[in-house]
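So the sequence lines, in the order shown, correspond to chains A and B.
For the first sequence, the residue numbers in my numbering are 1 to 425.
For the second sequence, the residue numbers in my numbering are 1 to 425.
Any given hint could be a false lead.
All copies of an identical chain are treated as equivalent in the list; a pair is satisfied when it fits inside any one copy or across any two copies.
Capping the alpha-carbon separation at 25 angstroms, the derived lysine-lysine pairs in PhoX-like fashion look like this [to be verified]:
hint, residue 1, residue 2
1, K94, K76
2, K131, K76
3, K186, K74
4, K74, K149
5, K76, K191
Treat the hints as calculated values from the structure; they're not laboratory data.
For clarity, every value in this text was computed on a predicted model and none was experimentally measured.
Protein chains: 2
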Amino acid sequence: MPLNIPDIQLPRVVIVGAGFGGFQLARSLPSSSFQTVLIDRYNFHQFQPLYYQVAMAGLEPSSICFPLRRSFQKKKNTFVRVAEVEGFDPGEKKLFTDQGAIRYDILVLATGARTNYFNRQDIEQAVIPMKSISESLYLRNRILEDLEKAVVAPRDSDLSPYLDIAIVGGGPTGVELAGALAEMKKHIVPKDYPDLDNDRMHIHLIEGRDRLLAAMRPESSDRTLTDLRSMGVEVHLNSRVHSIETNQILLTDGRIIRAGKVIWAAGITGALVKGVPETSLSPGGRIRVDDYCRVQGLQQVFAIGDLACMETSEYPKGHPQMAPAAMQQARWLASYLRSSTDRPFRFTDKGQMATIGRNKAVTEFAGLRLAGFPAWAIWLLVHIYYLIGVRNRLIVLINWIWSYLFYDQNLRLIIRPRLPPSGKG
Amino acid sequence: MPLNIPDIQLPRVVIVGAGFGGFQLARSLPSSSFQTVLIDRYNFHQFQPLYYQVAMAGLEPSSICFPLRRSFQKKKNTFVRVAEVEGFDPGEKKLFTDQGAIRYDILVLATGARTNYFNRQDIEQAVIPMKSISESLYLRNRILEDLEKAVVAPRDSDLSPYLDIAIVGGGPTGVELAGALAEMKKHIVPKDYPDLDNDRMHIHLIEGRDRLLAAMRPESSDRTLTDLRSMGVEVHLNSRVHSIETNQILLTDGRIIRAGKVIWAAGITGALVKGVPETSLSPGGRIRVDDYCRVQGLQQVFAIGDLACMETSEYPKGHPQMAPAAMQQARWLASYLRSSTDRPFRFTDKGQMATIGRNKAVTEFAGLRLAGFPAWAIWLLVHIYYLIGVRNRLIVLINWIWSYLFYDQNLRLIIRPRLPPSGKG
């Protein structure tokens, strides 16, 4: 069964994934020269850097997602298809999806990254990941439900299974989550749950290396550590997870950390698509591409963004897996495909940043290192700027101003869509 | 196991349900005279009149819900508990929940109404109800997913199962949904799905009586019928459902209406709590109360809102099941309980209204009947006014202005929270 797409007398570019890379590429490809087909399993683009605020009930999913059809309403020869990609055949130039197969002239893989459990199925079963909107909502509901359970638990019972949270991984996601949880503990819990003693809530951040935010400079790491500790986060450096048991984590050095919820932010790996030769994979599970984003060993197949690993002298392990690299590759690839450049891709590093909490962040731009309020203000501006959609920017801004002024999030609702009729909602 | 509530030397009022009645009562009871316990299965108050806009992707759930704990942060001696109520024992003065039992001095039942399937399990299995946020989100996701399926369906296939929608019940919910669907068909589908012919989408509204909005005056019914038909809704009056089969409805007169989705807005009945004697139930499934909202045959048990049926000479079948009646009863009951009134409850009818579409509504206030733009403007103002929370009002207003100006909703996202780890999200 073929996927229903009109035939047009233009080369057909099929893009798999509507993240920063795929979305930007579909926007940049001129509709006069290409038929563009953008395929994603969801009908929206997701702004991943703010997942953690969805999990913390600070933002609604709709504020950081943007409907794909809306974006391409006015773009001719661009077709959005919601489908699950199952693989491709580079010989036949065909992509297979659960909605049917589709022929391509040029295939661009932009499926990004997925959570890396390092082949530990026991860990995968025991932790909460944070690599999608659905997972963020799940975490939000779990936190809120556990607080309600703690309130009604019999007096003198052990509340650690409900209240204690551990985050594994001290990268930006782990740091931002830990900071946001610390603020929830300090500002929200005492007001909303006066019956609960918020000192009984513990937030642990577990990092294998000797510093947080290892991709940034040591000064930024130190500042982050100081800030998080001052906010009450229990940071455990040089600590690795041995195993996760019911309501506790066993570290490799024998220590035990008690927590009912374990959030896994310890690593990512490429979200691979079947059809890429094993020999083209990097040690980190990404797809090796040359300087032109071409997948090693294949014809007319490109990979961009977190999925792609372009090993250069400057970045021997590939570019950082962040939005700017994906967007730059997308814009470069659009130029290259319409033959307006024949120079290889070059990444312009715009720096790094992470927010820690209210008035607290660290940023590094072009040799300039900032911390505290100025860094925090820059973080806010950059994120508002890169968000898709005027309405989204407005709503996010209102929510941020609101919670800044009133130390409050308004979205502490435990909502689940009803199950299909047979499941009785 | 007892539900964990501190013991205070004050009479304990236990309120079941945080809808318009229960929520208002908990706000109105003075914390100096009572210990108030508000129990709901959700941790938020829901603004039911706007469910249909959530289903139509015009508003987010969070814009029309309000966290209960937030509302009662500053109210002493008021305790929110999220629990599923299982029944009560009027002899022992105990309420049973899935989180434990709780003693009461005064019990107020305010559980509202639930969808009435008139004991037809086959219908319950085949239709989509609209009496909760979860059900509204389910409907939204179904509509959006079916549009995506229609786009990828093989050419010349039958799209009726994906595109045709029938609503059973021509009350306010049915009318508002039909109008909103007609606007989606006209303004959104052609822009978002240029590949689809929107003439192939049919919206049916099925009503058993000879007019829509039977609780309003015949002129309002006529105007509503004219407006809906001009918007392309296929209204079937004097039509009753015999049975619902796959992708079609069989009417009692033998006619067949094709539709892949059937929304059931044909009636409500009391959401009963176990412990009320059978003899205290009204024919409509509500609980009979006297002029003082006291449940017939029980001591210190009150019922208010949609659940309660107070049969008076003016309202022989009980008050209309609408927010104003519930809120007035709640305020009256608060006065009565603190002994500041001993006069029986009297309902002040503030009128009725229903919105049909852009610049189209019907309202009836104190003998004054309005239609068209003025009615629509009043509808908007009243709903903004009764919404709980400044932030919610602001966000709803922005969304309404936005969609009014741009003929657009921004929330067309198919999002489901991840399932728990064992279920693999």
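Evaluation of the provided hints:
1. Taking the shortest alpha-carbon separations for K94 and K76, only the intra-copy value of 23 angstroms comes in at or below 25 angstroms, while the best inter-copy value is 66 angstroms.
2. Taking the closest pair of Cα atoms, K131 and K76 never come within 25 angstroms of each other, the shortest separation being 32 angstroms inside a single copy and 40 angstroms across copies.
3. Taking the shortest alpha-carbon separations for K186 and K74, only the inter-copy value of 17 angstroms comes in at or below 25 angstroms, while the best intra-copy value is 47 angstroms.
4. Proximity of K74 to K149 under the C-alpha cut-off of 25 angstroms is restricted to the inter-copy arrangement: shortest distance 21 angstroms between copies versus 49 angstroms within a copy.
5. Within a single copy, K76 and K191 get their C-alpha atoms only as close as 52 angstroms, which misses the 25 angstroms cut-off; across copies the closest is 12 angstroms, which meets it.
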